[in-house]
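Engineer: The chain contents come next:
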Amino acid sequence: MPKSPVIQVKNLTKSYNDDRILDNISFSVARGEIFMIVGGSGSGKSTLMRQMIGLEAPDRGHVYIEDTDITNCADRDFRNALNKIGVLFQSSALIGSMTIGENVALPIMEFTDLPKTTIANLVRMKLSLVGLECYVDHLPSELSGGMRKRAGLARAMAMNPRILFLDEPSAGLDPITAADIDELIMSINRSLGSTMVIVTHELESILNLGHRLIMLEKSSKQIVAEGAPAELKSKSADPMVRKFFSRRANREHEQISEGSDGTVIF
Amino acid sequence: MGRQRNKSLFTRLSKLNLQKIETLNLGYQISIPMQKFSSAYSYTITRHDAGGQTVYLNGHLSIETASECLKRLLNELNKMAPPFYFDLTAISVLDDYGALVLFELKHHLKIPDAEFHIINPPETYKKTLSLVNFDFNERCSVTFGHRKNKIITEIGAGTLEAFAGIRFMIAFIGSVALAIKEVLRRPKSLRGQDTIIYMKTTGVNALPVVALISFLLGLIIAFMSSLQLEQFGANIYVASLVSMAMVSELGPIMTAIVVAGRTGSAYAAEIATMRISEEIDALFSMGFNPTLFLVLPRLIAAFITIPLLTVFANFFGIVGGLLIAIAMLDLTASAYITQTIETLTIFELCWGLMKSCVFAVLISGVGCLKGFQAKGGASAVGQAATAAVVNSIFLIILFDSFFAVIRSYIG
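Read top to bottom, the protein sequences are chains A and B. Heads up, the final residue of the first sequence is numbered 266 in the numbering used here, and it's a clean run with no missing numbers. Heads up, the final residue of the second sequence is numbered 677 in the numbering used here, and it's a clean run with no missing numbers.
Same shape as in the complex, but just chain B (with noise of 0.2 Å):
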């Protein structure tokens, strides 16, 4: 390690301690008194008559002093004319903080190649002075930071990345096809006890929330409509309105939305972090195929709980139409049920139904996928989590609309 560390300062001392400072006249210096620290520097500056000046150092110059240091001295050079000498004879504490002050003073003076001697230093600081090679500094003194790319390179490594994004989802739906037939020829294969588990926390623990946002959703429904059916007196056809805009749309794109920030993001995250701490490429070499571990289980409970909740939202939401048209609308309960089971067709049940079913297997699908996206550190986990969520959502409004399409030719 570093041991190549060619051109330091260290190499160039023998040949700097061999030059004489001859005539050290004092007639022009600044000094700085020491501080009350314990960790104090000093220093005093002499002009020699044959033009340059010797920088006497006192004390420690270090991790407490260093930032000052270089200031002030900085400041003082600048007003000077090179060469100038850096005597060290009387440093007591040097470490690569001080190192670096002198370094950086070499540097940051305005006169350009500036001569610039370091003398006498101390046997103990010499290896220290070596850490700092002050000939890098064309290579050093650029800013580190996040690697810049031109324009164009940036473009192409993201069209890359993006056809690499679309080969990873192809190769994602086809080892899920795999897995799936997998499954129907070896049922035994899926992890039951996974799949049980998943429905828990997919449906079970989703239902209070899911329950509650449909039945406000029911309550505000009746009520706008309500508002405007009522200069009619149409008041009965809130119980159709309700009814109709849960079934088909409503009740499974707010379950399908609730459901995805919930549990998308959920198997994004977890899936992602067994990415990046080598679980699954454990799981793979022990002879499991990951797909059907992981995904499977996710995908089976997300495609018969979300439909499950979707049924669910519809009921609670008719419920809140219900409480809007009794408490407000003076209709009767009967009448109220009586319109919606009118309403309501066996095709219309089906139709938003099978709409939840796909919108589970996007978000179960694109939670899992991003998930075994994810390389990197813990903020790959937050990414995937993210990603998830975002995606899947446009994907449930985007076939959202794809499905009214198809609805307009059908019926």
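In isolation and in its complexed conformation, chain A is listed as follows (with noise of 0.2 Å):
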């Protein structure tokens, strides 16, 4: 069914330096869905990302949340569309002087005047949504990667966003753990209906959770395919697709081989 999109994205270049990242890109998201950005390392999908929640302007190009252009509107625009959106940064981003909970209390205080005992036990549903209502007190650093991960996660949903971005939200966690944080966001996607747009390079996650996805590529620095991850999996008659999903490598004649004698020759 056709949804109006949330996000639109339309003709974003971004280069650092000189060194073009992203190249005339452009896309949208539909409401509700999850929307995955893939690729291998370095063909710019944090890049995207930091352009689609306005860390960095882009060189040319607009984006748009929910009609909203980003890349150039008033200031109280702006944060008004920050409101929408809530972020899980890759490496969880908790602020590390204060407690998991306050982490997660942080917005629910600036941007609502429920009494403080109330916000206490919203931080408490908030947590025990990620399964970490027992680490109200501890400190981020001391938890685990995949706890931070959660932890970081509750603190994106603090208020209830329409659009939520995760930049590798499974990434170096453990299989089970990984698998959990997937089932997890997609009971969240599910329950409250939020869009999602997750940047992942985890196939598994790609296949399980996602709707459609773009995949971007380092040499082209554009889109080299859109569409339903399964679908692209089956059909896709691109040879860098076809090796992303399949996993091999891209080097092949540079693999090592093992000689006769057990001596490695490159």
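A hint or two may mislead.
[Stated by the list, open to error] With a straight-line cut-off of 25 Å between C-alpha atoms, the simulated DSS-like cross-links for lysine-lysine are:
no.	chain 1	residue 1	chain 2	residue 2
1	A	LYS221	A	LYS243
2	A	LYS218	A	LYS243
3	A	LYS84	B	LYS393
4	A	LYS116	B	LYS641
5	A	LYS221	A	LYS235
6	B	LYS345	A	LYS116
7	A	LYS116	B	LYS337
[Said to hold, decoys possible] If you want the ones that stay clear, here's a sample from chain B, every Cβ over 12 Å from chain A, calculated:
no.	residue
8	ALA316
9	ALA347
10	ILE417
11	GLU427
12	ALA430
13	ALA443
14	LEU493
15	GLU515
16	GLY553
17	LEU558
Rather than coming from a laboratory, the hints here were simulated on the basis of the structure. Here the structure is a predicted model, which means the values were calculated and not measured. C-beta: ideal position from N, C-alpha, C; glycine also.
Make one complex out of these two single chains by using the hints.
Structural biologist: This is the structure we're talking about:
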């Protein structure tokens, strides 16, 4: 069913010191879908996300979040647009001097006028959503990587944003925790109906979660594939896409081979 | 995650749904009108004949409306008697903020243990409601914040921490000693390139500020002492006073304090950052000795450059005094210089430099130690830098007083 796009990216171009990362990229994200931005390392996935959440201004092009052009709008509109989104950063970005509870409470205290005890309960609810209700008073440094990711997710969801940006939510986690996070993302998407933009290169997550994806590629700096993950996996003719989904090495001729006497020959 | 959420509202809903609410009498009704916002809520309260009331909630009970709705309903319901029934049939949007409103209402009513029922929750929002565990009030209502400790626990923890700090310091001194031994045995193991870079940042880059401060200090001492000495016609002794004060006390101390603020903090912050981002662990696992790799270049750089800076500080201080002597005291440059040379002895110069060597060790040692002790997040870096400056300035003054006592015995 065609839904109105919540995010639209139009002709986006970005370079760092003459080093072009993204070249004339356009796509849109529909309401309620889990949208994946995939691609190899250095293909500009995270850069694209940084443009989409307004952390950096693109060299050319526009990013619309629910009809607000965040690349070119008044400060107030920009702030309103920011209130609609929640971001889980790659390294969780929890504030180290605050407990997990305080981290989650931070936006709630700032943007609502609920009483303190109510906020404390809300924080527990948010944390129980990610299974961390017993860690309210722990400092981020006392938690494991997966827990920090989950706490970061709870903070990103604190204000019930309509759009969630997740930068590599399951990277660096064990398969079970990663699957837990995937399941969590899926249930949040289903129950809250929030749109999700996920930057990832985890094949499992892409296939399990993604409704639609775009694949970025390093050499062309453009979108090489767009569509449903399962379809792309089975049908795409693009060699890059096939390699990505079948997890094949790009530089096969450089692979290490083993000599007959057990020594490694390059 | 959250699978063991027992006794949640969700499990109790099935029971509640079976309860029949009879006799709804419209004798008493409070309504608030819908608002103009896109996300608006309204409610109607109906009193039953048999006692109790039903609150019919309409529209959005969500993040935008939660705090206002909570305030209003709490106000209304506190005027009424339980039991309370909440009819959610007409709710169009219910998020976790909305569920929380119901939870808070249950627990903040003035009547303790008031009967509280939720009826006809829309199927789609049962899951949201199940997020709020309606029974964990006691566990939940504790306001979060920093963990509260009893005073005795805190004293105990503080003592243990202090001991751990001392142990860490002794271990650090030991590892520095071992690293020095290693360098003496195999001079190649010292990272020479790093040492030269640190000598530049610690010494050359600090020269302008040290020179300026000691020059001004020389001016001030000369000026202040001339006010007194002029009364006795002892102008020439301004030269003695300035040179003596600079070389034996102020030169070493001022240099040390400036360098502690400039470089000691930088050492601590840099090493602390490396510590919290696991760079030191990486060095260790690659087979490097972190002390040898990080501390010795800084220690040696400070040990060489701080006495040199002190020499410059002494020189500029004396120049400052000279300027005052010529401009205000009618002394000639040659008389001033002769008097200075007569006052200063080799012993005096060496004593001052020896002190600044000790200060150099203190500054770089404390800086590195505080860096190594850092753990946690970004704030640990700031704490390390602050602790390094405060501790090294304290130690500089402390050791200077030791030297003053020793001095009084030898001479």
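Engineer: Each hint should be assessed against the structure and marked as holding or not.
Structural biologist: Here's how the hints hold up against the structure:
Proposed proximity of LYS221 of chain A and LYS243 of chain A is supported: the alpha carbons are some 17 Å apart, at most 25 Å. Simply put, LYS218 of chain A and LYS243 of chain A have alpha-carbon atoms about 14 Å apart, close enough for the 25 Å limit, and the pair holds. Distance hint between LYS84 of chain A and LYS393 of chain B is fulfilled; the C-alpha atoms sit about 23 Å from each other, no more than 25 Å. Restraint check: the Cα-Cα separation between LYS116 of chain A and LYS641 of chain B comes to about 30 Å, which exceeds 25 Å; the hinted pair is violated.
With a CA separation close to 23 Å, the supplied pair LYS221 of chain A and LYS235 of chain A stays within the 25 Å bound. Only pairs whose Cα atoms come within 25 Å are accepted, and LYS345 of chain B paired with LYS116 of chain A is accepted, the gap being roughly 23 Å. As the CA atoms of LYS116 of chain A and LYS337 of chain B are separated by approximately 13 Å, the hinted pair is consistent with the 25 Å bound. Every beta carbon of chain A lies more than 12 Å from that of ALA316 of chain B, the smallest distance being close to 31 Å; the non-interface claim holds.
The beta carbon of ALA347 of chain B is kept farther than 12 Å from every beta carbon of chain A, the shortest such distance being approximately 24 Å. Every C-beta of chain A lies more than 12 Å from that of ILE417 of chain B, the closest at about 19 Å, which supports listing it as non-interface. Every CB of chain A lies more than 12 Å from the CB of GLU427 of chain B, the least distance being 16 Å, so the non-interface label holds. A cut-off of 12 Å between C-beta atoms confirms that ALA430 of chain B is not in contact with chain A; the least separation is 17 Å.
At the 12 Å boundary, the C-beta of ALA443 of chain B stays outside the reach of chain A, the nearest C-beta of that chain being 31 Å off. No Cβ of chain A approaches the Cβ of LEU493 of chain B within 12 Å, the least distance being about 51 Å, so the stated non-interface status holds. Distance check for GLU515 of chain B against chain A: the nearest CB is about 40 Å away, which clears 12 Å, and the non-interface claim stands. A cut-off of 12 Å between C-beta atoms confirms that GLY553 of chain B is not in contact with chain A; the least separation is 22 Å.
Listed as a non-interface residue, LEU558 of chain B keeps its Cβ farther than 12 Å from every Cβ of chain A; the least gap is roughly 28 Å.
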